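S.K.: Given next are the chains, with one letter for each unit.
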Amino acid sequence: MIAGFRAIVDDVGGGLLFLGQMFSTALHYRPKSHVVFDQIWKVTLNSLSTTALAGFFVGAIMTVQFTLQVKEFGALGYLGGLATSGTIREVGPLLIAFMLSGKVGAFTSAELGTMRVTEQIDAVRCLGANPFQEIILPRYIAIILSSFFLLAVGLFMSIAGGLLLGVVFSGITAEEYLRHIPTIVTLPSIVSGLFKCLVFALVLASICTYKGFTTTGGAKGVGRAVVATAVATMVGLVIADFVTTLIAEAILSMAMQA
Amino acid sequence: MASALIEFRNVAFSFGDEPLLRDVSFQIQKGEAFSLIGPSGQGKSVVMKLMAGLLTPTAGEVLIDGRSLVTLRGKDREQLLCRMGMLFQKNALFDSLTVGENVAFPLREVRQAPEAEITEAIQFYLEAVGILHAKDLFPDEISGGMQKRLGIARALALKPEIVLYDDPTAGLDPITSRKIIQLIIDLRQEYGSTVVAITNDMNRAYQLGGRIAMVVDGGVIVTGDHDQTLAHPDPRVRQFIRGQLEGPLAGSGTVTT
Ligand SMILES: Nc1ncnc2c1ncn2[C@@H]1O[C@H](COP(=O)(O)OP(=O)(O)OP(=O)(O)O)[C@@H](O)[C@H]1O
Ligand SMILES: [Mg+2]
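Residue numbers (this note's numbering), protein chains in the order written: chain A, 21 to 278; chain B, 14 to 270.
Excised from the complex, chain A in its bound form:
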């Protein structure tokens, strides 16, 4: 019990030191832009189709669920607004994060872990290059930027999915579906969605780069790193979701009062 607790504290402490080192690298060295773009391209392309598909179905599901609820109040006109607002504020960012953790998180920790155990990271350092600048930072930045782009794609597809089901399932017109999106999806809800997306991406990127970078012990070690990444990311995301919801709520109510 005590040992387990100590292991967690060690892990978190190690992670924070790692992040500190990364941010200090970010301050002193320019990340190599060609590597960053390479990574953004990879991450985005990798997850684009799944994100689009998932976005489409999330919009569809939300529309069906909301239809069942708002029909009796005769508020079908608000369907599009409700579904879209739910997607951008909560489901979208969370969905993107889970999607990326399965694809990019696992991939990154396995890749970095393998580079670590085959001494490629040492080789980078030995050649006078900075592994944080060459390897970690580009992946980190790419995960964060890509997640915003993917959120936009997912959102767009969810509107498309919702629209289709709105017409087919709920029997409203496209114009009715879209009409209340701008009234319900307000600036604060967009900001809180983006904020969540950012926080989730930070959590995800930090965990997979840290776990990969600190891998020890051969092929088994890489396996362990990937599993540890998956577990820590899930826990981290749920906690981050809770915390960001509280923060967003506080900000929203402050904005209301002002």
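Hint data in this document are derived by calculation from the structure and do not stem from the laboratory.
Quick caveat: nothing in here was measured; it's all calculated off a predicted structure.
There's no promise every hint is true.
With a straight-line Cα cutoff of 25 Å, these simulated DMTMM-like cross-link-like pairs (lysine to aspartate or glutamate) come out [said to hold, decoys possible]: (1) Lys-52/A to Glu-110/A; (2) Lys-52/A to Glu-130/B; (3) Lys-88/B to Asp-142/A; (4) Lys-62/A to Glu-133/B; (5) Lys-43/B to Glu-31/B; (6) Lys-172/B to Glu-139/A; (7) Lys-240/A to Asp-108/B; (8) Lys-148/B to Glu-114/B; (9) Lys-123/A to Asp-31/A; (10) Lys-62/A to Glu-31/B; (11) Lys-103/B to Glu-122/B; (12) Lys-192/B to Asp-230/B; (13) Lys-52/A to Asp-89/B; (14) Lys-148/B to Asp-142/A; (15) Lys-88/B to Glu-139/A; (16) Lys-172/B to Asp-240/B; (17) Lys-192/B to Glu-122/B; (18) Lys-103/B to Glu-131/A; (19) Lys-148/B to Glu-131/A; (20) Lys-52/A to Asp-186/B; (21) Lys-62/A to Asp-149/B; (22) Lys-172/B to Glu-130/B; (23) Lys-240/A to Asp-153/B.
Place chain B with the ligands on chain A using the hints.
M.R.: Relative to chain A, chain B with the ligands alone:
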């Protein structure tokens, strides 16, 4: 005293609790070809990684050209490391880059050389180690000996003053081994660099022609040149260089591996 290019000053090192090196001190002068020998698992690779700044001593200091790797930080440290090239025991090639790009990596990322110069350098170094024909293959598509050669080419790409070779002839046939050591000698003469090489094969250590040191029992015993090493009084050295089964080294890694 201050003229040594590489100096270990009372270095101790351990992984966890078990001490691996205790109070190691020795110097390597500029321009030397220094061989490290010793039974498997006694810490040769660790000594080399301490030189390269990849491991930090638990006590003592490693000095390169009079500057301590232990206390140096940031860009100064990277500049010092740039002056060293290293061939890793397991090569540590960048497996997502082609053979050519492996050589180009330090030039492109560290030196930020123009592309024309990089193309030329790839040509030159791959030619020098005799694997130019494999330029566009990936490291796992070439043979073990070719991987070693690529590791050497990459280590040399920044024209380092100090080149560290960890077991450059491991797993190679006798003829290829000989050729690789000859290559190391030639490259050293061409660039006037200082070479430290680990080998488990006494003939290769003799071929290299410089001083020899043995890593054993947590210490580094500098045995001297070919003749001095052959006549060395330490029974562990005598046993090792003659490859005898009986002797003080019997219980160590030599037997178990
Ligand atoms: N990363 C590590 N973690 C823990 N112990 C290690 C690590 N690397 C090496 N060791 C231990 O340190 C000792 C020395 O290892 P080292 O690799 O320096 O041996 P070596 O002399 O190079 O042997 P060989 O000739 O077989 O390459 C070994 O007993 C090894 O088990
Ligand atoms: Mg070794």
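S.K.: Now tell me, hint by hint, if it's right for this structure.
M.R.: Against the structure, the hints come out as follows:
1. As the CA atoms of Lys-52/A and Glu-110/A are separated by approximately 33 Å, the hinted pair breaks the 25 Å bound.
2. For a cut-off of 25 Å, the pair hint linking Lys-52/A to Glu-130/B stands: about 19 Å separates their Cα positions.
3. For a cut-off of 25 Å, the pair hint linking Lys-88/B to Asp-142/A stands: about 17 Å separates their Cα positions.
4. A threshold of 25 Å between alpha carbons decides the hint, and for Lys-62/A with Glu-133/B the separation of about 30 Å lies outside it, so the pair is violated.
5. At roughly 33 Å between alpha-carbon atoms, Lys-43/B and Glu-31/B are farther apart than 25 Å, so this suggested pair is violated.
6. Distance restraint check for Lys-172/B and Glu-139/A: the Cα-Cα separation of roughly 21 Å lies within the 25 Å cut-off, and the hinted pair is therefore satisfied.
7. Restraint check for Lys-240/A and Asp-108/B: the C-alpha separation of about 19 Å stays at or below 25 Å, so the hint holds.
8. About 8 Å separates the Cα atoms of Lys-148/B and Glu-114/B, which keeps this hinted pair within 25 Å; it holds.
9. Proposed proximity of Lys-123/A and Asp-31/A is supported: the alpha carbons are some 23 Å apart, at most 25 Å.
10. Taking the CA atoms of Lys-62/A and Glu-31/B, the gap is about 44 Å. The hint is violated against a cut of 25 Å.
11. As the CA atoms of Lys-103/B and Glu-122/B are separated by approximately 22 Å, the hinted pair is consistent with the 25 Å bound.
12. Note on Lys-192/B and Asp-230/B: the hinted pairing is violated, with a Cα-Cα distance of about 32 Å set against a maximum of 25 Å.
13. Of the supplied pair hints, the one linking Lys-52/A and Asp-89/B holds, its CA atoms being roughly 20 Å apart against a limit of 25 Å.
14. A distance of roughly 23 Å separates the Cα atoms of Lys-148/B and Asp-142/A; the hinted pair therefore holds under the 25 Å criterion.
15. For the proposed pair Lys-88/B and Glu-139/A, the alpha carbon gap of about 22 Å is at most 25 Å, so the pair holds.
16. Using a Cα cut-off of 25 Å, the hinted pair Lys-172/B and Asp-240/B is violated, with the two alpha carbons roughly 32 Å apart.
17. Only pairs whose Cα atoms come within 25 Å are accepted, and Lys-192/B paired with Glu-122/B is rejected, the gap being roughly 31 Å.
18. Simply put, Lys-103/B and Glu-131/A have alpha-carbon atoms about 18 Å apart, close enough for the 25 Å limit, and the pair holds.
19. The straight-line distance between the Cα atoms of Lys-148/B and Glu-131/A is roughly 24 Å, inside the 25 Å bound, and the hint therefore holds.
20. Of the pairs offered as hints, the one joining Lys-52/A and Asp-186/B is violated, with about 41 Å between alpha carbons and a cut-off of 25 Å exceeded.
21. A threshold of 25 Å between alpha carbons decides the hint, and for Lys-62/A with Asp-149/B the separation of about 22 Å falls inside it, so the pair holds.
22. Using a Cα cut-off of 25 Å, the hinted pair Lys-172/B and Glu-130/B holds, with the two alpha carbons roughly 14 Å apart.
23. For the suggested pair Lys-240/A and Asp-153/B, the alpha carbons sit about 20 Å apart, so the restraint of at most 25 Å is met.
Checked against the numbered hints above, the structure violates hints 1, 4, 5, 10, 12, 16, 17, 20; every other hint is satisfied.
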